[in-house]
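**Student:** This is what each chain is made of:
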Amino acid sequence: MDQPEQAPNTATVKILCIEDEHFIAELYARALTKAGYDITVIVDGVEGLKAAQSNLYDIILLDLMIPNMTGGEVLHRLRDPAQTPPLKAKIIITTNLEQKEETRQEIEKLADGYLIKAEVTPHQLVDILGSLK
Amino acid sequence: MNRFENYKHQLSLLIFASMILVMATILGSFWLVERVATGSPWLAYAAAVVANLFLAALLTAGLAKYVTQPLKLVWQAILHVLPERSTLDQPAPNIDDNKVAAELVTSLVMQVYQLASLSERSDDKKLDQNTRVIVDSAINLPLPLLAVDKKQIISFANEAALTFLGLPANQVIKQNVYTVLDMSFSDDKTLDSWLQDCRANKAKASHSWHHIRLKLADQKTLKQFDLAASYSKENPEGIETIITIFDQSERYGNEDQSLDFIALAVHELRTPLTSLRGYVEVFEDELTGKLSPELTGFMHQMHLATTQLTAFINNILNVARIQEGHLSLQLHQENWGRLIQEAVNNLALQAQLHSKVINYSIDANVPLAGVDKVSITEVINNLVDNAIKYSGDSQVITINSHLGTDGMVETSVHDDGVGIPATVMPTLFEKFQRNHRNQAKIGGTGLGLYLCASLVKAHGGNIWVNSKEGEGTTLSFTVQPYSQLAGKLKNSDNTDIVRSAQGWVKNHSLYRR
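Line order of the protein sequences matches chains A and B. Just remember that the numbering used here sits 4 ahead of the position in the first sequence, which is counted from 1. Just remember that the numbering used here sits 1266 ahead of the position in the second sequence, which is counted from 1.
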């Protein structure tokens, strides 16, 4: 099987994964850790927002359907300069939802990426994150 | 009606009485002249005639006034509200002094004033008489109706239109029609494009559209309706287009719910599928080389099954979108050869597991294509999937692309399999059409070719089949070269976003290396 590529300086790349589906988070964590990333999983929207605002992470994988605060709301707050100073992290939305045009356009303005989980295996996720600038 | 009968009755009595009176005075005066006149009777007769004429004139005047009094009031009211004659005095709306048909006339006068005050909203001093008649009769229609002039300004909107839009008259009249009606059409044949065509080419035209979406000024309510428009060039200063709205919000709203249901179902299906694909990948990672060939084969089959399930879910979603008119394509410049190569690479595992080989050839002169990469790859996937399913014992599937004589990029997918019976051919590209004979042996849903046909047509291309039972099948489709589209493509703001079936990432390509 093809080995996942090592991203440059993977020891220092920190990923925050805000995902409430335990099995999916586990699969992602497994593959990303193997690829040399440092991954933190948070299962709750409010907690996830707080963690993201710490600005410790290089990539944020944000699920849309999460408890206590939706991914969409988290995204808005992270991109609102009044609530969050500009983050260094790239925010990638991960979801299995199909979206209406207006919602999709809104997310396009705020996020750096949008992945449909059912279309992306853990290896493919590693590939995609590996070729992010 | 009682009042009218009374009026007629009274009038008849009056006329009869007048005629009796006239006759009596004529006879009476002549008899008097004969009795009294001593000298020449002719002078007396002349005097009698004059006197009678005078009486007749008085009676006529009185009768005429009586008969026309109600008409006069209505006429005065109408003249009073017409813009050209506004110097007339307003007649008294309470016609107590006229006991004849008082109630009827009063209400008629009231109607005139109501119509006048409604039509005053349109500030339509320039409307010509014919248009005015139409406009005035339209005021009380229950259908929302708008009149638009040559400069796209709304010159008139009836009560129903204002209610429909939830706006007061001053935010509708004299506004640009496209500002007030921010409509979404299901394709690029919009009202605006139709009007431009009318102005350039036609003197009179009418057209209708189905399932237009409109967000109201409150930014929350969505209206869905059918639209009819009638254009006429003959009004040099006045109304050019009449627009009627047939509100179908309820009907279309219900249909939208079916798309919501499918979106929900898709989400529910995708969630366990995500885990499944992930675990299959883990097993392939960890167990390759450690399992017997048989078990390794099973593992690959699992992988294939999950891929097929994903593809099927996307098919359902796309078909639902197409039916609701929600499918939107993002047409971009694509290297056709590379696109085919990528699609074939992704199908390699599936082909291998069915002991098939896919060969492809792209002619050198095939230009850059203008396509939505994700959708057109769906088409290729479906056609190859069909070819694999129906290729029977034959082992080779051939894909070829060349530049057609019509300038379109033509691609064909060929298999030497069981072929398609003539009976199935006419309905081949319709939903859920499957050959019953094959249903038992060959799995499938009957959606694939319907989807291919819809997607290809949405690209402006054509799709067709050449097949004979027992002699294999060739399915061919065309797409437009990018050069043909370049002028027509809408400019997208986010040229950095490249989409794939997996999603998109900004400033970065999701193409696999």
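Hints are not guaranteed to be accurate.
[Unchecked claim] Chain A side only, calculated, beta carbon under 10 Å to chain B, not exhaustive:
#1 TYR32
#2 GLY40
#3 ASP42
#4 VAL50
#5 LYS54
#6 PRO85
#7 ASN100
#8 GLU102
#9 GLN103
#10 GLU110
#11 TYR118
#12 ILE120
#13 LYS121
Just so you know, the hints here were simulated from the structure itself, not pulled from any lab data. Each residue gets a CB set at the ideal place from its N, CA and C atoms; glycine is no exception.
**Student:** For this structure, which hints from the list above don't hold up?
**Tutor:** 2, 3, 4, 5, 6 and 10
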